[in-house]
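Peer 1: Sequence:
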Amino acid sequence: MEEWKLDFKWLEVKHYVKNALNLEKLPDMNAILFLIGIQELGLLKESFTKEEKQDLMHVAVCSLLTEEGYFEFEGRDQDGWPHFKQIAKIDIDGVKEQGRLLQEKIIQYFNL
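According to our numbering, the stretch in the sequence shown is residues 935 to 1046, in order.
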């Protein structure tokens, strides 16, 4: 995807999430990953621990990168948390490039 189009679509996702959740400011990538993690977990709690929040973001990243062939869904544990197995090395160098890949996958996730 061309960089300008990716930037536009990414901003569109951020506004969509902001409006859907009636937030005061645009969410960052971590907030959006957290929300995707909750969606993939399928369980909404009053609050999550710091470790659970990190786990939710991990679940989101694994879910997003499954169709790229980096991870494979293994199943759910007794508490309903999804687990993934890494099946390919993520061969994308640089934080910016990794962020761009996640932005593309998030845009596809929200189908905007």
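Hints are computed from structural coordinates only; laboratory data are not their basis.
Where hints are given, some of them may not hold.
Label-pair ranges, simulated between beta-carbon atoms [to be verified]:
(1) L957 / E936: 26 to 34 Å
(2) I1026 / K939: 18 to 26 Å
(3) E986 / F1007: 32 to 40 Å
(4) G1003 / E958: 25 to 33 Å
(5) E1006 / N953: 29 to 37 Å
Fair warning: this is a prediction, and the values are worked out from it, not measured in the lab.
Note that beta-carbon positions come from the ideal geometry of N, C-alpha and C, so glycine has one too.
Peer 1: All hints are to be evaluated individually against the structure, with a verdict given for each.
Peer 2: Hint by hint, here is what the structure shows:
The supplied range of 26 to 34 Å is met by L957 and E936, whose beta-carbon atoms lie about 28 Å from each other. One distance hint, 18 to 26 Å for the beta-carbon pair I1026 and K939, holds here, with the actual separation near 19 Å. For E986 paired with F1007, a C-beta distance near 19 Å fails the hint of 32 to 40 Å. One distance hint, 25 to 33 Å for the beta-carbon pair G1003 and E958, is violated here, with the actual separation near 38 Å.
The hint said 29 to 37 Å for the Cβ distance between E1006 and N953, and at roughly 34 Å that hint holds.
Against the hints set out earlier in the document, violations occur for numbers 3, 4.
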